[in-house]
Each structure stands twice: as C-alpha cells, then as structure tokens.
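Asks: As a plain string of letters, each chain reads:
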Amino acid sequence: GDSVTQMEGPVTLSEEAFLTINCTYTATGYPSLFWYVQYPGEGLQLLLKATKADDKGSNKGFEATYRKETTSFHLEKGSVQVSDSAVYFCALMDTGRRALTFGSGTRLQVQP
Amino acid sequence: DSGVTQTPKHLITATGQRVTLRCSPRSGDLSVYWYQQSLDQGLQFLIQYYNGEERAKGNILERFSAQQFPDLHSELNLSSLELGDSALYFCASSSNIAKNIQYFGAGTRLSVL
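Protein chains in written order, with my numbering: chain A, 151 to 262; chain B, 8 to 120.
Honestly, the hints are just simulated from the structure, not real lab data.
Hints are not guaranteed to be accurate.
Said to hold, decoys possible - Calculated pairs, BS3-like style, for lysine-lysine (alpha carbon to alpha carbon, straight line, at most 27 Å):
(1) B:Lys106 x A:Lys210
(2) A:Lys202 x B:Lys106
(3) A:Lys218 x A:Lys206
(4) A:Lys202 x B:Lys64
(5) A:Lys206 x B:Lys106
(6) A:Lys206 x A:Lys227
(7) A:Lys202 x A:Lys218
(8) B:Lys106 x A:Lys218
(9) B:Lys64 x B:Lys106
(10) A:Lys210 x A:Lys227
Unchecked claim - Derived contacts from chain A toward chain B, CB cut-off under 10 Å, selection only:
(11) Tyr186
(12) Gly246
(13) Ala249
(14) Thr251
In this text, a Cβ means the ideal position worked out from N, Cα and C, and glycines have one as well.
Make a model of the complete structure from these sequences and hints.
Replies: What follows is the structure, encoded as structure tokens:
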C-alpha cells in the first residue's frame, strides 16, 4: 500500500538557518503530494502541495518539488524563524481514494 | 480558522464506555474525513463520507462507526472504549471544486482512563 517516510525529528535550528526536511513516498500511480503543518494545540494546516511530477509547491517561504524519479518531496526554507516551530507532516493522496496517507511528522524547533 | 468545527475539544471517559464526536464541515463542503492521531500509530485515516454516503474506509475498528447527516455534519461513534483509543481525532472536509485539499478541524482529544 501507499506509504510516506519522513526524517526523524526533532530538528533544532537557529533562526535564519536553512531548513530541509526529507520526505519520500511509495505509491502506485501518480499521487498528489502535500506538506501540512501542525502548531501546538491546533489542527493541521495545508502548507503547500504539488499534483504532478516536477511541480513546485511554495508558500510562506517554504518550497518542495515533486520528484518522481526519486519519489521524493523534500521541504525547504532558506531562512527559518522562531514562528516556524511546529510539526511538519508530509502526505500523499492517491488518484483513486481521496484519503491522505501521512508520514510520521517531523518536529522543528527554531531557537532565537 | 479552517471553518471546520469539532466538538467537544476534550473528552475524558472510562474503559468500556461509548462517546460521540461531532464535526461540522466548512460551508458547502460535501466530503468529510475522520483521522486518528496517536503516539504509536501516527496520523491514520479512518473513514470518509460524501453527501451522506460512506465513500472510503481506512483503518477503522469495528467498534467505531460514523455517519453524515442531511445537514452534512458528521459524527464519529466510538464504543467499548479501550485505553489504546486515547488519541486526537481530527475531522477534515473538502469541496467538489478542490477535491484534493482537505481543511482540518482543531481536533477532539479523547482520554480513556
């Protein structure tokens, strides 16, 4: 079945550092890929998405590119802020079923 | 604010009991999804409803059931509760126009003692 693998956390960075959170997936067909963010005590918010190979999703300085050849969708940000501290989930949605399959989540802690 | 409302925010109950979690989707959204977030299993899809009909099932236990009402709100019923059912339960909704974008509620935290 479908699966998503994320790098283990927590990831601790200083403010203005470069962020990469790795995400790889296994799926049949051509899934859509997502990054969701969960701030403490809140639900999940869609951060960005990509629906086909080579698409780049971007939002709030975060970017991720759908790489079919490496089955990856790594999240990057050039300069993190303390307010980016949260848990980040990579997810896929297959073309048939509309349910999301999530990775295990990566906690990001940004220190001033 | 995602526009998806879940009640209650917290629920504390005992083993063997039954509880009902409620979800109101965003205005106009016909699809409702339920997810469970637990420490050991992570975030897992439970079940989807579309306009009152069950559309897809995930890792939902037989002790759990759901339904979607004519006004499109949904309820997740959990019965014969066990300690392991303690988790955060999320509801999400999506529209027909942007079917692959799901908006999540803030969740209901269930504690089974």
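Asks: Look at each hint and say if it fits the structure.
Replies: Against the structure, the hints come out as follows:
no. : hint                : verdict
1   : B:Lys106 x A:Lys210 : holds (23 Å)
2   : A:Lys202 x B:Lys106 : holds (15 Å)
3   : A:Lys218 x A:Lys206 : holds (12 Å)
4   : A:Lys202 x B:Lys64  : holds (25 Å)
5   : A:Lys206 x B:Lys106 : holds (19 Å)
6   : A:Lys206 x A:Lys227 : holds (13 Å)
7   : A:Lys202 x A:Lys218 : holds (8 Å)
8   : B:Lys106 x A:Lys218 : holds (22 Å)
9   : B:Lys64 x B:Lys106  : holds (17 Å)
10  : A:Lys210 x A:Lys227 : holds (9 Å)
11  : Tyr186              : holds (8 Å)
12  : Gly246              : holds (9 Å)
13  : Ala249              : holds (4 Å)
14  : Thr251              : holds (7 Å)
In summary, the structure agrees with every hint in the numbered list given earlier.
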